[in-house]
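Undergrad: Sequence:
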Amino acid sequence: MMKNNEDLKTKLTPMQYKVTQEDATEPPFQNDLWNFFEEGLYVDIVSGEALFHSRDKFESNCGWPSFSKPLNEESVIEKTDKSNFMVRTEVRSAEGDSHLGHVFPDGPKPTGLRYCINSASLKFIPVSELEKEGYGKYAAHFNNGKV
Numbered sequence: 001m002m003k004n005n006e007d008l009k010t011k012l013t014p015m016q017y018k019v020t021q022e023d024a025t026e027p028p029f030q031n032d033l034w035n036f037f038e039e040g041l042y043v044d045i046v047s048g049e050a051l052f053h054s055r056d057k058f059e060s061n062c063g064w065p066s067f068s069k070p071l072n073e074e075s076v077i078e079k080t081d082k083s084n085f086m087v088r089t090e091v092r093s094a095e096g097d098s099h100l101g102h103v104f105p106d107g108p109k110p111t112g113l114r115y116c117i118n119s120a121s122l123k124f125i126p127v128s129e130l131e132k133e134g135y136g137k138y139a140a141h142f143n144n145g146k147v
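In terms of the UniProt record's numbering, the sequence shown is residues 1 to 147.
Calculated directly from the structure, the hints in this document are not laboratory data. All values derive from a computational prediction rather than experimental measurement. Do not take every clue at face value.
[To be verified] FRET-style restraints, in silico, Cβ to Cβ: (1) LYS79 / GLU131: 26 to 36 Å; (2) PHE37 / GLY112: 32 to 42 Å; (3) GLU59 / GLU133: 36 to 46 Å; (4) VAL87 / ASN143: 23 to 33 Å; (5) PHE104 / ARG55: 18 to 28 Å.
Virtual Cβ for every residue (Gly too), placed ideally from N, Cα, C.
Generate the whole structure from the sequences, applying the supplied hints.
TA: If you want it as structure tokens, here you go:
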């Protein structure tokens with residue numbers, strides 16, 4: 001998918017643009033999804049690619065949404081990030097190439113991973129809206145397939 005930066009600047013908020021396109025990090029505890037726990041999907045704000053399931057979200061007290069795993073392994077790409085005098089593993093969306101956040105080895109079992117993701121890179125799709133928003137194929141992941 002080819003991104004048009006001018007279109008993205010009008011589609012996204014300034015924070016969403018900075019995070020997804022310029023690899024910024026939003027402030028902890030001051031974002032929409034860090035303590036949000038409704039059932040649904042989290043998708044890339046740029047491409048709409050489904051990234052995370054609400055059942056894999058957990059409270060990590062880090063100030064950003066945290067997930068134990070992506071919805072599909074191929075949906076996220078891991079890259080070495082040596083910025084800010086640290087070595088971390090950055091995660092980006094495969095389809096949209098959006099900067100999402102970082103993954104750390106301090107999460108819950110069984111994966112032991114914590115995908116620490118910027119709210120600004122995500123759009124939440126509640127279960128009741130999956131069909132309407134074009135994510136009907138994921139309805140079976142919730143309530144035994146009953147939306």
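Undergrad: Each hint should be assessed against the structure and marked as holding or not.
TA: We went through each hint and held it up to the structure:
{"no.": "1", "hint": "LYS79 / GLU131: 26 to 36 Å", "in the structure": "holds (34 Å)"}
{"no.": "2", "hint": "PHE37 / GLY112: 32 to 42 Å", "in the structure": "violated (21 Å)"}
{"no.": "3", "hint": "GLU59 / GLU133: 36 to 46 Å", "in the structure": "violated (26 Å)"}
{"no.": "4", "hint": "VAL87 / ASN143: 23 to 33 Å", "in the structure": "violated (41 Å)"}
{"no.": "5", "hint": "PHE104 / ARG55: 18 to 28 Å", "in the structure": "holds (20 Å)"}
Taken one by one, the earlier hints fail for this structure at numbers 2, 3 and 4, listed in ascending order.
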